[in-house]
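Colleague: When we follow numbering that gives the first Met the number 0, the leftmost residue of the sequence shown carries the number 0, and every step to the right adds one.
Hint data in this document are derived by calculation from the structure and do not stem from the laboratory.
Being a predicted model, the structure only gives us computed values, none of them experimental.
By construction, the Cβ of each residue, glycine as well, lies at the ideal position given by its N, Cα and C atoms.
One or more hints might be untrue.
For each label pair, taking beta carbons as the anchor points, the in silico distance ranges come out as [unchecked claim]:
no.	residue 1	residue 2	range
1	16	107	34 to 44 Å
2	91	127	18 to 28 Å
3	131	153	18 to 28 Å
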Amino acid sequence: MTLSAIPIGAIAGLAILQSPAAPMWLIVVPVAVVLRLVANLLDGALARRTGRTHARGAFLNELGDRTADVVMLAPVAVVPGAFASAVWLGVILALLASFTSVATQAAGGTRSYRGILSKPGRMVLLAAFAILVLIAGPDIWWPFGPILVVGAALTLAERLVIAIRELD
Numbered sequence: 000m001t002l003s004a005i006p007i008g009a010i011a012g013l014a015i016l017q018s019p020a021a022p023m024w025l026i027v028v029p030v031a032v033v034l035r036l037v038a039n040l041l042d043g044a045l046a047r048r049t050g051r052t053h054a055r056g057a058f059l060n061e062l063g064d065r066t067a068d069v070v071m072l073a074p075v076a077v078v079p080g081a082f083a084s085a086v087w088l089g090v091i092l093a094l095l096a097s098f099t100s101v102a103t104q105a106a107g108g109t110r111s112y113r114g115i116l117s118k119p120g121r122m123v124l125l126a127a128f129a130i131l132v133l134i135a136g137p138d139i140w141w142p143f144g145p146i147l148v149v150g151a152a153l154t155l156a157e158r159l160v161i162a163i164r165e166l167d
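All chains should be modelled from the sequences, with the hints used to inform the complete structure.
Modeller: Here's what the structure looks like:
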């Protein structure tokens, strides 16, 4: 299940890309969000419960999570109504926030999952916008990018403060 986030994310991304021509594809996005979050929870819980945690599994989990973030969020940048540069910046900031947590752990600190737009927050944001766009039309995509930027920047800042304090 570790890498299941990638195909789940790809399906959501493809649905977003198809939505300008067939808006009903947006129904797939919230379903994919739930599947991604459930798979992530089950994967970690199963590994811990069976004593099968492994460094390679942790690595593949992070690789799958970051790849899924990109393939789920970046397609919004190319759909009508979206503020493309803000979406791209938001994706970069989200990746930096995740990297900060992993780097803190690698440096001997604890991994932080905190932040208003940690993975569950990003996924809820994407699912909510997919539903809103399905109801109200593609112009509703416009605030997605700015919200992603602000939320990811706040998450990054919070994790940087935690890391600096902890690794002092």
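Colleague: Are any of the numbered hints broken by this structure? If so, which, sorted upward?
Modeller: none
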